[in-house]
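> Residue numbers (our numbering), protein chains in the order written: chain V, 423 to 784; chain S, 423 to 784.
Hints listed in this document are in silico derivations from the structure and should not be mistaken for laboratory results. Everything numeric in this text was worked out from a predicted model, so none of it was measured. Some hints here could point you the wrong way.
Since copy identity is lost for identical chains, a pair holds within one copy or between any two.
[Claimed, not checked] Derived lysine-lysine pairs resembling DSSO-like cross-links, with alpha carbons at most 27 Å apart:
#1 K465 / K616
#2 K616 / K773
#3 K616 / K483
#4 K465 / K773
#5 K773 / K483
#6 K517 / K773
#7 K744 / K517
#8 K616 / K517
#9 K773 / K744
#10 K744 / K465
#11 K483 / K744
Protein chains: 2
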Amino acid sequence: MTTVQVSTPGGAYPIHVGAGRLDRLAESIPADATAIAVVTNPKVAALYGDRVRDALAATGKQVFFIELPDGEAFKDWQTLNLIFDALLQNRLDRKAVLVALGGGVIGDMCGFAAASYMRGIRFVQVPTTLLAQVDSSVGGKTAINHPLGKNMIGAFYQPIAVEIDTDVLTTLPAREISAGLAEVIKYGMIIDAKFFDWCVANVAGLRTLEPQAITYAIQRSCELKAQVVSQDERESGLRAILNFGHTFGHAIESGLGYGEWLHGEAVGCGMVQAAQLSALTQGLSLQSVRRIRTLVQEIGCPVNPPELGTERWIELMQVDKKTEGGQLRFVLLPEIGQACVGVVPQEALSKVLEPDTASATA
Amino acid sequence: MTTVQVSTPGGAYPIHVGAGRLDRLAESIPADATAIAVVTNPKVAALYGDRVRDALAATGKQVFFIELPDGEAFKDWQTLNLIFDALLQNRLDRKAVLVALGGGVIGDMCGFAAASYMRGIRFVQVPTTLLAQVDSSVGGKTAINHPLGKNMIGAFYQPIAVEIDTDVLTTLPAREISAGLAEVIKYGMIIDAKFFDWCVANVAGLRTLEPQAITYAIQRSCELKAQVVSQDERESGLRAILNFGHTFGHAIESGLGYGEWLHGEAVGCGMVQAAQLSALTQGLSLQSVRRIRTLVQEIGCPVNPPELGTERWIELMQVDKKTEGGQLRFVLLPEIGQACVGVVPQEALSKVLEPDTASATA
C-alpha cells in the first residue's frame, strides 16, 4: 500500500492505494463515529456489498446501506434526497460517517449529501471505477446536475480519507478503463511532461491493467491532483487547469445527453480539441497535438467530436463554470506539461468547432 | 452607523448597523462582481424593491430580482431550486453576487443557494426582520427544511457583509418584534448577565422600537453572536449554546406545523422550558426561572407550551442536531449569563413536559 497525503484549508487526509483495501475499510472509520451509512448503487452492492459489510463490522458500529439508482441521469436532487430520507429515517446524527462506495456519480452525491446533512458530516471516498480513483474522489469537489448544466449545484467538501482498492478494476468493462485513462494522461499533459512520456511508453500495460503499471498511474495521478488542490482548494486559480478538455467535454455530454458518451470519453475527445485550440492560440506544436491525439486514441477514447453545429457548441459551453462576464475561458497548453487559462479569439474557436478544419489541424 | 466585525475560518466580514443602510447597499458589492441577483419575496419587494434597485444601480452592474413565495412552509428544495433556475437562465457566473433581502427564510435559502451554486459564490445579507437582524443573518448558518426536520440540509457559509437598516423595523407587526426580541434576550441569558439586566430595564423601549434602545440591542446581539461564532464557526462546541431554548422551540414549531407559532415565539417559550429544566438539573435558582419567564412574557412571547403529550415531545426533539448516539442534549443555564450543554435525567425532562408540574415549577 502507498499513501498520498492531501492537505487543503478544508481538511487534510490520506489516500491509500493498494490491493485489498476494501477489506480494511474499518481503518478509516474514526472511533467516535456513531453509525456508518454506505451509499452505493445496486451494481456495486452486488459485487462488493458483502465484503464491505464484513469489513465495517469490525468497527462494532451500526452499518446502513443506501442504494441509489445507477447512472449520471440520476445525479439530481430527487436521488440526493433519497440519501437525506434514509439518514433522517434512521436518525443518523452529526457524528455519523458516510461511505461513498462506487464511481464518480456516487462519490459526488454522497459527498454533497455529507456536505449538506446537518450542515456537514464526515465521509470516506471508496471509488470503484478508474475514473473516480484518479480524479473525482480526490480534491473535495461534490455536486449534482441541474437540467441547465452539469455539476452546477454542489460544494467543495473534503473527505476524511480515500480508500483505493486496485483489485476492483478487473471487473470494469474496457470502455470504462479507457475513460479513466483519459484523466490519467491529462495530468501528464497539464503538469508533468515526464509522466506523459511514461504513459506513452506504458499504454499497453495500462489498458490491460498490468498491476505495476496501473498502480503507479493511479498513485502518480493522485499525487499530481493533490499537489494542485493543496495549492488551490476552491478553484480560484491554479485548480482550473484540471479542467483541461472539460469545457469541450461537458458540451459533448450535455449536447448528446448525459450518459451517451462516458465522461472520460468526452474529456478525451475534448482534450484533442483543446490541444487544437492551443496550437492556434498558444503556439503548441502540431507535433504535440498529434502526440496528444494519438495517445487519446491509443487509450481507446474517441478523437472525433460529434457534429453539434458551431452555434450549439458555443451555447452548451456558455454554462461552463469558468465563464466570467459571459466570456468563455479555456484551459490551454503552451506545451505538453504546462497549462494556462485564457480567452481565445472567436475565429480560432470556430476553426476547432468546424469538423473539416479541425481534422485538417490534427 | 456602527460596525461589528465577525471573523471565522470561513471568512471575515463587517456587520453595518444603522438607519438608512438600504440606500447604501452599493458599498457592500465588490468591484469585480459580474452581476447582482437580489433574492426576496413579494411582500419585501413591494416595500423596498425600488429603493434597493436604485441603491444597487450605483454599481453600474446588471441587477436581477428573484422573488420567492413567502413563509417557512416554502423553505424547501422546490423553492431553493427557483433560485438556481433563475441564476442559470440568466447565466450568472461564479463572480456574481447574491443579495438576501428579507427575513430568516430568505437569508437561509439565499445563503444556501450561494453556498451551493457552482460550489459557492459570494452573498450579502440584508435582513429586514428583527429576528434575522439579531440572529440568522450573522454567523453563516444556512439551510432548508426536510419533511422530517427543520434546517436539516444546509451549509456553514459566511456572507461577505451584513447590512442592517434599523428603519425597516417600523413596518413590522408587533408579533414579529416580540419574536425577534426573544433572540435578543437569549444572548443575555447565555453569556451576558449585564445585558439581561439592561433588557429587563429597557423592555418598554424595545417593544416600541425606541431608536436608541433598539439600535443598541441589535448591535449588542450581533457583537455577542460574533464573539461566539468567531470561536466556533462549525458548532463543534461553544456555538451550541446559541441554541438555548431551541430544542423545545423546534419541537413546538414542528409539532404544531411550521408557521403556526413564529420561530422566535417558539424559542421564547422554549427558553422558559429550558430554564425550568436548568432549575431541576443545574441548580438555576427559582428566582432566575421567574425572571426569565417574566421577561419572555413582557417582550410579548407565549410562556405556556402547547400540549403535545410527553411521548410526542420527545419524538419531535430526537431529530435535533445536537442529538448524539440517540441521546438528547440540552443547552442549560447554571445561572443567568452562563450556559452549558448536557444530557438530563428522563424524570427531569418528563417533569418539564407535563403541563401541571411545569407551571408549578415556574
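> All the hints need checking, so say for each whether the structure fits it.
Do the hints match the structure? See the list:
1. K465 / K616: neither (37 Å within a copy, 62 Å between copies)
2. K616 / K773: neither (30 Å within a copy, 72 Å between copies)
3. K616 / K483: Neither way: K616 and K483 sit 45 Å apart in one copy and 46 Å across, limit 27 Å.
4. K465 / K773: Result: close neither inside a copy nor across copies, 42 Å intra and 51 Å inter.
5. K773 / K483: neither (59 Å within a copy, 33 Å between copies)
6. K517 / K773: Classified as neither: same-chain Cα gap 54 Å, cross-chain 29 Å, threshold 27 Å.
7. K744 / K517: Close across copies (10 Å), not inside one copy (35 Å); limit 27 Å.
8. K616 / K517: The answer is neither: 43 Å in one copy and 36 Å across copies each exceed 27 Å.
9. K773 / K744: Close inside one copy (21 Å), not across copies (58 Å); limit 27 Å.
10. K744 / K465: For K744 and K465, the Cα distance exceeds 27 Å both inside one copy (34 Å) and across copies (35 Å).
11. K483 / K744: Between copies only: 20 Å across chains, 43 Å inside a chain, cut-off 27 Å.
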